[in-house]
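**Student:** So the sequences go chain by chain: P and U.
Note that the numbering used here gives residue 309 to position 309 of the first sequence, counting from 1, and the numbers run on in steps of one.
Note that the numbering used here gives residue 72 to position 72 of the second sequence, counting from 1, and the numbers run on in steps of one.
Everything labelled a hint here was simulated from the structure, so no lab data went into it.
Note that this is a predicted model, so its numbers are computed, not measured.
The beta carbon of each residue, even a glycine, is placed where N, CA and C say it ideally should be.
Worth double-checking, as some hints may not be accurate.
List of simulated lysine to any residue pairs, SDA-like, C-alpha gap at most 20 Å [claimed, not checked]:
#1 K235/P <-> T279/U
#2 K313/P <-> K235/U
#3 K272/U <-> T126/P
#4 K234/U <-> T126/P
#5 K353/U <-> K313/P
#6 K235/U <-> T126/P
#7 K349/U <-> R330/U
#8 K272/U <-> E280/P
#9 K234/U <-> K235/P
Not close to chain U: a few residues of chain P, all C-beta gaps over 10 Å, as computed [to be verified]:
#10 E52
#11 R215
#12 K235
#13 K272
#14 E311
#15 K362
Protein chains: 2
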Amino acid sequence: MDLLEKACLAWLHSVPGIGNRSLWWIKENFKSFAVFFKADNKSLQQTPFKAEVIDFVLKRRLKIDPVHELEKLLVQGFDLICYDETAYPGLLRTIPDAPILMYYRGDLAVAGNLCVAVVGSRAATTYGKTMARKIAGQLGELKITVVSGMARGIDTQAHLGVLESGGKTIAVLGSGLDVVYPKENRALFEDIGCRGLVLSEFPLHMPPEPGNFPRRNRIISGLSQGVMVIEARKKSGALITANFALEQGRDVFALPGPVTSMTSQGTNELIKQGAIPVTEIEDIINEYLHILPGECLQLQQEVLPLLEDEEAKIVEQLEFDPCHFDLILRQSGMEIGQLSTILLKLELKGIVKSLPGNYYVKI
Amino acid sequence: MDLLEKACLAWLHSVPGIGNRSLWWIKENFKSFAVFFKADNKSLQQTPFKAEVIDFVLKRRLKIDPVHELEKLLVQGFDLICYDETAYPGLLRTIPDAPILMYYRGDLAVAGNLCVAVVGSRAATTYGKTMARKIAGQLGELKITVVSGMARGIDTQAHLGVLESGGKTIAVLGSGLDVVYPKENRALFEDIGCRGLVLSEFPLHMPPEPGNFPRRNRIISGLSQGVMVIEARKKSGALITANFALEQGRDVFALPGPVTSMTSQGTNELIKQGAIPVTEIEDIINEYLHILPGECLQLQQEVLPLLEDEEAKIVEQLEFDPCHFDLILRQSGMEIGQLSTILLKLELKGIVKSLPGNYYVKI
Numbered sequence: 001m002d003l004l005e006k007a008c009l010a011w012l013h014s015v016p017g018i019g020n021r022s023l024w025w026i027k028e029n030f031k032s033f034a035v036f037f038k039a040d041n042k043s044l045q046q047t048p049f050k051a052e053v054i055d056f057v058l059k060r061r062l063k064i065d066p067v068h069e070l071e072k073l074l075v076q077g078f079d080l081i082c083y084d085e086t087a088y089p090g091l092l093r094t095i096p097d098a099p100i101l102m103y104y105r106g107d108l109a110v111a112g113n114l115c116v117a118v119v120g121s122r123a124a125t126t127y128g129k130t131m132a133r134k135i136a137g138q139l140g141e142l143k144i145t146v147v148s149g150m151a152r153g154i155d156t157q158a159h160l161g162v163l164e165s166g167g168k169t170i171a172v173l174g175s176g177l178d179v180v181y182p183k184e185n186r187a188l189f190e191d192i193g194c195r196g197l198v199l200s201e202f203p204l205h206m207p208p209e210p211g212n213f214p215r216r217n218r219i220i221s222g223l224s225q226g227v228m229v230i231e232a233r234k235k236s237g238a239l240i241t242a243n244f245a246l247e248q249g250r251d252v253f254a255l256p257g258p259v260t261s262m263t264s265q266g267t268n269e270l271i272k273q274g275a276i277p278v279t280e281i282e283d284i285i286n287e288y289l290h291i292l293p294g295e296c297l298q299l300q301q302e303v304l305p306l307l308e309d310e311e312a313k314i315v316e317q318l319e320f321d322p323c324h325f326d327l328i329l330r331q332s333g334m335e336i337g338q339l340s341t342i343l344l345k346l347e348l349k350g351i352v353k354s355l356p357g358n359y360y361v362k363i
Numbered sequence: 001m002d003l004l005e006k007a008c009l010a011w012l013h014s015v016p017g018i019g020n021r022s023l024w025w026i027k028e029n030f031k032s033f034a035v036f037f038k039a040d041n042k043s044l045q046q047t048p049f050k051a052e053v054i055d056f057v058l059k060r061r062l063k064i065d066p067v068h069e070l071e072k073l074l075v076q077g078f079d080l081i082c083y084d085e086t087a088y089p090g091l092l093r094t095i096p097d098a099p100i101l102m103y104y105r106g107d108l109a110v111a112g113n114l115c116v117a118v119v120g121s122r123a124a125t126t127y128g129k130t131m132a133r134k135i136a137g138q139l140g141e142l143k144i145t146v147v148s149g150m151a152r153g154i155d156t157q158a159h160l161g162v163l164e165s166g167g168k169t170i171a172v173l174g175s176g177l178d179v180v181y182p183k184e185n186r187a188l189f190e191d192i193g194c195r196g197l198v199l200s201e202f203p204l205h206m207p208p209e210p211g212n213f214p215r216r217n218r219i220i221s222g223l224s225q226g227v228m229v230i231e232a233r234k235k236s237g238a239l240i241t242a243n244f245a246l247e248q249g250r251d252v253f254a255l256p257g258p259v260t261s262m263t264s265q266g267t268n269e270l271i272k273q274g275a276i277p278v279t280e281i282e283d284i285i286n287e288y289l290h291i292l293p294g295e296c297l298q299l300q301q302e303v304l305p306l307l308e309d310e311e312a313k314i315v316e317q318l319e320f321d322p323c324h325f326d327l328i329l330r331q332s333g334m335e336i337g338q339l340s341t342i343l344l345k346l347e348l349k350g351i352v353k354s355l356p357g358n359y360y361v362k363i
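One chain only, chain P, in its complex shape (with noise of 0.2 Å):
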């Protein structure tokens, strides 16, 4: 595709009222986006578009240069990918309404390896937050692509867990990509660009309007094999995410949680609806045994980190309802400072976690 068309292409699609079904029109009616954008009065005219949209067409584009634009974009560091370019993501391009263009910034190789979606609550628990973690971790320890929406909640933490895993990220927009939401995110989404990609089907500088979220999200589930909703309220954007997969026939997984959690709610009746229940790493990759690198199947034996002895018995012993450190000590029958340690070295694992007043939980 050369730069006018893709120029015209990102134009056209910057126009109020011209969508994603638009453009697949032109495509299908005029071949070319070059050739719309330069079409005669009469041509346009005879279009099914609204006389407004037309009128916004036939006076803008005298006073614009769709490449001086392109060209704008791409000096804030954002590029643009279309559908006919062998670069576009090949999951992405079977679903249904599959964008015509998104830009991104980072590297679109990353949408090439096996991705799985990480999504999750806004309003996640301290229990969402950790698995979110812990699982897109282990994803990106088997070099597995995590996608996910940059939310707060579940999506961040689940951009974290790769991240610090060494793995590889996508993070899918719900805005422009010059406008960052949450705020608070704005060092994970350089991190996300710099080490992963960033994608948005949305054109620079469009909020992020509510509406735009499933859109948003029906890309989410279609650049992945499969979509993992770790806690998800009865009606949310995680549930959306989980229906669009299901239309795309991708697979969706789910966390079991506490049915007096609010944000379980949501899993707990995906699980009922079908969804394949997930309590360990495992019940994801054996799904994808078939499809996964030698490698991967090496390291997956190497996630779980190696307990002592003595930190197997305090696991043992602890439960996820918090406990006392003195009921602990009493029933491990250790030292205080020997305990103190152990625990430390747990927390320092990701095991256990302390809680105000010297309670501790296994996470």
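Please build the complex by placing chain U on the supplied structure of chain P, with the hints as guidance.
**Tutor:** Just chain U now, with coordinates in the frame of chain P:
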């Protein structure tokens, strides 16, 4: 079945080396336990029983009067039910290796209602215990008999929950009825004997030997249309009960729980293997709509406690993770006194639980 016949069955049942299958063999081949009891040496020696078993019978039968032994049992407030009697629980009659006789105290008729077992870990968490009590209580309100094993933890909570709701419950013991185990459940044993049914396949004085419990578990599932497993470790008695339920063609229900909790590993595993996940009582009831009397369906509407607006607001705000009073206060915008009152009301309604250090969780 006449008294002598029943008495001889009971005495033979207490002979070391004669188990349920041996008794079925005697019934098949001698047609009468009294005939076997009085059989000549030659007839006995032609049976497949071991020499020491036959010696035991030959020596002891001279010294005892089976009817007198049975009367001693009746005087203690216990009774016997045999497979041939019409009062024998109908569903239990259908299982392979059905007990040919059982000892009981209480009302056998409660086994004629729709029965659902509620079972789980001895070492249960707050989550499991709370849910066992809640679900058993809701079953009780719906006039469904709750079957369990009177063990520590989940079983105890299940019996308590249904008794609180005014419902009926059956305790199936792994020891003789005069050996209450665990000892702290003495009052519960008496209570169930008065208001429900306690059952055991084991003769009086039989201690709670580990080998008894799997046999006991087949009766728990055998009496029930379905088995609800609340919490279970990976290798646990509750899973044995679930396996019996499958073999006996009964439904298996399981409560999803955090994958980080040892006692939810077994239940999550059951769900992976196809057990019905239960997040609300309706998930159990829906399986039995065709056999529930209309009265129950009406009751079903009233199970959930009504909340006032302000209570609902706090419930909405709380999560499964412990939350400090000060944080709830800040987020609610209420006065200290008002919030304290609401939290107390919610605690009384069994919706919220206070933890040490002024933390609160939704339960």
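**Student:** Looking back at the numbered hints, which does the structure fail to meet, lowest number first?
**Tutor:** 3, 4, 5, 6, 7, 9, 13 and 15
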